[in-house]
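Colleague: Single-letter residue listing:
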Amino acid sequence: MPYISNTDEERATMLAELGLNSIEELFKDIPSELMSYSFNLPTGKSELEVRHFVKGLASKNVTDLICFLGGGFYDHFVPAAVGAITSRSEFYTAYTPYQAEVSQGILQSIYEYQSAISLLTEMDITNASLYDGGTAICEAVMMAVRITRRKKIIIDEAVSPIYRKILHSYAANLDFESIDVPVGKDGRADRKIIESELDNNAACLVLQNPNFFGCIDDLTDLADLAHKSGSLVILSTYPISLGVLKSPGEMNVDIATGEGQSLGLGLCFGGPYLGLMTTRSKYVRQMPGRIVGETVDKNGSRGFVLTLQTREQHIRREKATSNICSNEALCALAALVYLTLVGKHGLRELAELCSAKASYARERLLKIPVIKQKFESPIFNEFVLELPIDAEDVVSKLMNKKIMAGLPLGHYYKNMKNCMLVALSEKRTKKEIDFFVESLGEIL
Amino acid sequence: MKLVFEKSISGKRGVRFPECDVPCAGNIPDKLKRKNYAELPEVSELDTMRHFTRLSLHNMGVDTNFYPLGSCTMKYNPKICEEAVLYKGLGDLHPLIPQLPDGNKFTQGALQVLYETSQFLSEITGMAEFTMQPLAGAHGELTGTMMIAAYHASRGQKRKKIIIPDSAHGTNPASAAIAGYEVVSVPSNADGVMDIDEFEKILDKETAAVMLTCPNTLGLFNPQIKKIADKTHEAGSLMYYDGANLNAILGKLKPGDVGFDIVHVNLHKTFGTPHGGGGPGSGPVGVKKNLVDFLPISRVVKKSDKTYALKYNYPSSIGYIAPFYGNFGVILKAYVYILLVGKEGLARIAENSVLNANYIMKKLKSYYHLPYAHTCMHEFVISAVKQKKNGVRAIDIAKRLLDFGFHAPTIYFPLIVDEAIMIEPTETESKQTLDKFIDIMIKIAKEVDENQEIIKTAPHNLGISRLDEVKAAREPKLRWAK
Ligand SMILES: Cc1ncc(COP(=O)(O)O)c(C=O)c1O
Chain A
1 MPYISNTDEE RATMLAELGL NSIEELFKDI PSELMSYSFN LPTGKSELEV
51 RHFVKGLASK NVTDLICFLG GGFYDHFVPA AVGAITSRSE FYTAYTPYQA
101 EVSQGILQSI YEYQSAISLL TEMDITNASL YDGGTAICEA VMMAVRITRR
151 KKIIIDEAVS PIYRKILHSY AANLDFESID VPVGKDGRAD RKIIESELDN
201 NAACLVLQNP NFFGCIDDLT DLADLAHKSG SLVILSTYPI SLGVLKSPGE
251 MNVDIATGEG QSLGLGLCFG GPYLGLMTTR SKYVRQMPGR IVGETVDKNG
301 SRGFVLTLQT REQHIRREKA TSNICSNEAL CALAALVYLT LVGKHGLREL
351 AELCSAKASY ARERLLKIPV IKQKFESPIF NEFVLELPID AEDVVSKLMN
401 KKIMAGLPLG HYYKNMKNCM LVALSEKRTK KEIDFFVESL GEIL
Chain B
1001 MKLVFEKSIS GKRGVRFPEC DVPCAGNIPD KLKRKNYAEL PEVSELDTMR
1051 HFTRLSLHNM GVDTNFYPLG SCTMKYNPKI CEEAVLYKGL GDLHPLIPQL
1101 PDGNKFTQGA LQVLYETSQF LSEITGMAEF TMQPLAGAHG ELTGTMMIAA
1151 YHASRGQKRK KIIIPDSAHG TNPASAAIAG YEVVSVPSNA DGVMDIDEFE
1201 KILDKETAAV MLTCPNTLGL FNPQIKKIAD KTHEAGSLMY YDGANLNAIL
1251 GKLKPGDVGF DIVHVNLHKT FGTPHGGGGP GSGPVGVKKN LVDFLPISRV
1301 VKKSDKTYAL KYNYPSSIGY IAPFYGNFGV ILKAYVYILL VGKEGLARIA
1351 ENSVLNANYI MKKLKSYYHL PYAHTCMHEF VISAVKQKKN GVRAIDIAKR
1401 LLDFGFHAPT IYFPLIVDEA IMIEPTETES KQTLDKFIDI MIKIAKEVDE
1451 NQEIIKTAPH NLGISRLDEV KAAREPKLRW AK
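First to last, the protein sequences are chains A and B.
Residue numbers for the first sequence follow the working numbering, so the first one is 1 and each next one is one higher.
Residue numbers for the second sequence follow the working numbering, so the first one is 1001 and each next one is one higher.
Be aware that one or more of the hints could be misleading.
Result set (DSS-like, lysine-lysine): computed pairs, CA atoms no more than 27 Å apart in a straight line [unchecked claim]:
1) B:Lys1365 with B:Lys1446
2) A:Lys55 with A:Lys402
3) B:Lys1007 with A:Lys165
4) B:Lys1389 with A:Lys298
5) B:Lys1365 with A:Lys55
6) A:Lys401 with B:Lys1088
7) B:Lys1033 with A:Lys192
8) A:Lys298 with B:Lys1035
9) B:Lys1012 with A:Lys427
10) B:Lys1079 with A:Lys60
11) A:Lys165 with B:Lys1158
12) A:Lys298 with B:Lys1388
13) B:Lys1471 with A:Lys282
14) A:Lys298 with B:Lys1007
15) B:Lys1031 with A:Lys192
16) B:Lys1033 with A:Lys228
17) A:Lys427 with B:Lys1105
18) B:Lys1079 with A:Lys298
19) B:Lys1105 with A:Lys165
20) B:Lys1446 with A:Lys282
21) B:Lys1477 with A:Lys282
22) A:Lys60 with B:Lys1160
23) B:Lys1477 with A:Lys319
24) B:Lys1389 with A:Lys55
25) A:Lys319 with B:Lys1311
26) A:Lys367 with A:Lys402
27) B:Lys1105 with A:Lys414
28) A:Lys401 with B:Lys1105
29) A:Lys397 with B:Lys1311
30) B:Lys1035 with A:Lys228
31) B:Lys1105 with A:Lys397
32) A:Lys60 with B:Lys1482
33) B:Lys1035 with A:Lys45
34) A:Lys60 with B:Lys1105
35) A:Lys402 with B:Lys1311
36) B:Lys1289 with A:Lys165
37) B:Lys1365 with A:Lys427
38) A:Lys282 with B:Lys1035
39) A:Lys165 with B:Lys1031
It is worth saying that the hints were derived from the structure and are not from the lab.
The shape of chain A in the complex, shown without the other chains (with noise of 0.2 Å):
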């Protein structure tokens, strides 16, 4: 069998320094009768057929359709130098850097992206990464409710459904009290009802920008409003969104979390992603997750640690702040590397970009006369068009031009049938903008 190394004569010779006879000796503890000998699984195959077979099952999926699907998962450009650092395999075959002196690269790389991303955000300390920016804004949850000691927490109906689906899962057995408050008309988060839940029960108030319809907003109103009542505010961000937009520091929220899926990451159909979530200074001996600090070895040259441990499950076990363990380290390397080429100008230009294409399309779409547009709110690079018929049918229809239309809003938000979410990037073309607008006013 491939990857095993040793030849029979090598094992025979290990088994007589063991005093054996056959490797079943070494079983022995295992009971007879617990033991299995018949897997109903395939017999092994070799590369040459595996490789074969995988790729006629990549052929059964959809590969060639233009995009305007987005949803908080975003087709954008990823340069080749990612993947080439990426697919070096001293990084990727690498475990947990527990043992520093051999593990530099890895923690070098961890310290230079929490100082990334605590400079996108505007925020103090950032961690090493979490699972993906859903279970992200939990860990965020579960932090804010230790820090404050209360229960109770507010959502705007206009953060991800897909992410608050996951909280209220993880909330399930914790007695957090979660209310979600509807989305204001002109899509953004409705300042009187947040006003009059945010009591000194609060723990905090979860916020995202853009947010799910793509309506980009100034919350620092907000915040203020929560910090007066003694909660934490809680903001999920898009980290491409910020080469132009305000950031969550300027904000002055607590935590601020997000997918860093469109830092370099394909969209792989759900995952491997990356969590972002970056805080103030003073909390972070709650914060989740692994955090790498600067230091100097013996002769004073500066090197790179897992640091701030006691918070974690390996020390603290049942009263660590999460139970995280594995991460997305590769993943934060790929938002790194692509956060360095990208550069300070870069970002700018490429958030500019993608919001001038989505103003482009949202002008020209709303130039058909049946189709509303849904919120007055400013935009990202995403934005709700209110259609005459079912969505469903729009992108089913539209699937038949090889356009990806859009994500139909009915599944989500039960009053918003006729709705459709549609994003932009900068790989999109006028011209591809230019068959979707033709295509969707021969459909309607």
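Following the hints, position chain B with the ligand against chain A.
Modeller: Positioned in the frame of chain A, the structure of chain B with the ligand alone reads:
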């Protein structure tokens, strides 16, 4: 090495975007824009490549060095698994496509990967059904404990505690706590396995589950395991299997046959997917028939016409625990791995991993204290107590190993062994590598008597000497700032 931020020079660019081809500029109001640019590095593509390539040269991986990190199963990762994720139609597939009308039709290949991997895992572990969603081992544990709560709730019970042996991995108690449980720890006996008398004293009608790994973190198979399972079931409680150590019993024993009701598997250990320097992982969870209703949604099903679909309508489900279908890229690699090794390969994996571990243990036992001198499974734990008396600790031995081009074993875990050194060679390593490692371990044991200083000041030839972890924690410096 300089930080990438310290290499930044104003005006340099690493990537160029296409010219804007649409007439509009974006119309974001000024008051919604950030005041200052994010201070990201400004470097060229070549600068970027040099920086990160050099960083990679300061890192050990399985491809470069022997990595006997106990509990982590650092086996070789076949390259075809890495290749598969790059195929068009897999790595670039949008996760929301199945939610579009008729969406399943456009993702049949990907759904087949998820479905068949879950079927393979069910067969390997003796479970009825798997969810592929949990994003790592600990996430699987949390999913499992949430299902335990849902199971008891469905029977009108709210049991309060979960029993976990003192040798367990830290994620076990931490996961139980996040699912709202109180953790009760059971001591290990003189043989290194859970003390069954103590266990029976603790087990009661408040016990929701017993959470175990088997073989345990000492690499020992508990011969009483079936009895523990029977007692647990008699008390109306459930058996949870932490699959981190599944490599030892692959193709030999199905945890389901022992009486485990819930199993999580670490694909990034047992099924050959690389660990990425700390992740991504994948921690699918399997359950017996009586727990299937509680599995997370969505679920992948195979229909009578042999097509695959996602289903959502399971009213007893614990709900969503991840945004989509799990870490698909990792699952795909494990799928490819299972296709390659096949059913006959599974038992070979277990046999060779157990043989390799016993071989090293035998060769080292006259040099290091072996607290549980018993045939081990895929890993074993020695202790540096003898060396400690002479002033050398497990951490010193670990650091000295680095000088000889070996990654260190896991140290100070499990917590029940003083100065623990936990060694897991895995099946993919050759006798030649094991012999070299053994020689060096013996050499270090001799150095304790002959030249202690060299151990206590190790490592010596890595370009960096031992790092000050205390300073890092006392004076946290956690980011670069301008
Ligand atoms: C025994 C054991 N259980 C659970 C885990 C947790 O797995 P993960 O790191 O994938 O969350 C580990 C990983 O180190 C382990 O060794």
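Colleague: Decide, hint by hint, whether the structure agrees.
Modeller: Cross-check of the supplied hints:
no.	hint	in the structure
1	B:Lys1365 with B:Lys1446	holds, 14 Å
2	A:Lys55 with A:Lys402	holds, 22 Å
3	B:Lys1007 with A:Lys165	violated, 43 Å
4	B:Lys1389 with A:Lys298	holds, 24 Å
5	B:Lys1365 with A:Lys55	violated, 49 Å
6	A:Lys401 with B:Lys1088	holds, 20 Å
7	B:Lys1033 with A:Lys192	holds, 24 Å
8	A:Lys298 with B:Lys1035	violated, 42 Å
9	B:Lys1012 with A:Lys427	holds, 23 Å
10	B:Lys1079 with A:Lys60	holds, 23 Å
11	A:Lys165 with B:Lys1158	holds, 23 Å
12	A:Lys298 with B:Lys1388	holds, 22 Å
13	B:Lys1471 with A:Lys282	holds, 19 Å
14	A:Lys298 with B:Lys1007	holds, 25 Å
15	B:Lys1031 with A:Lys192	holds, 22 Å
16	B:Lys1033 with A:Lys228	holds, 25 Å
17	A:Lys427 with B:Lys1105	holds, 25 Å
18	B:Lys1079 with A:Lys298	violated, 38 Å
19	B:Lys1105 with A:Lys165	holds, 25 Å
20	B:Lys1446 with A:Lys282	violated, 48 Å
21	B:Lys1477 with A:Lys282	holds, 13 Å
22	A:Lys60 with B:Lys1160	violated, 47 Å
23	B:Lys1477 with A:Lys319	holds, 25 Å
24	B:Lys1389 with A:Lys55	violated, 59 Å
25	A:Lys319 with B:Lys1311	violated, 36 Å
26	A:Lys367 with A:Lys402	holds, 22 Å
27	B:Lys1105 with A:Lys414	holds, 24 Å
28	A:Lys401 with B:Lys1105	holds, 16 Å
29	A:Lys397 with B:Lys1311	holds, 23 Å
30	B:Lys1035 with A:Lys228	holds, 25 Å
31	B:Lys1105 with A:Lys397	holds, 14 Å
32	A:Lys60 with B:Lys1482	violated, 50 Å
33	B:Lys1035 with A:Lys45	violated, 58 Å
34	A:Lys60 with B:Lys1105	holds, 9 Å
35	A:Lys402 with B:Lys1311	holds, 25 Å
36	B:Lys1289 with A:Lys165	holds, 25 Å
37	B:Lys1365 with A:Lys427	violated, 61 Å
38	A:Lys282 with B:Lys1035	holds, 24 Å
39	A:Lys165 with B:Lys1031	violated, 32 Å
When the structure is compared with the earlier hints, violations turn up for hints 3, 5, 8, 18, 20, 22, 24, 25, 32, 33, 37, 39 and for no others.
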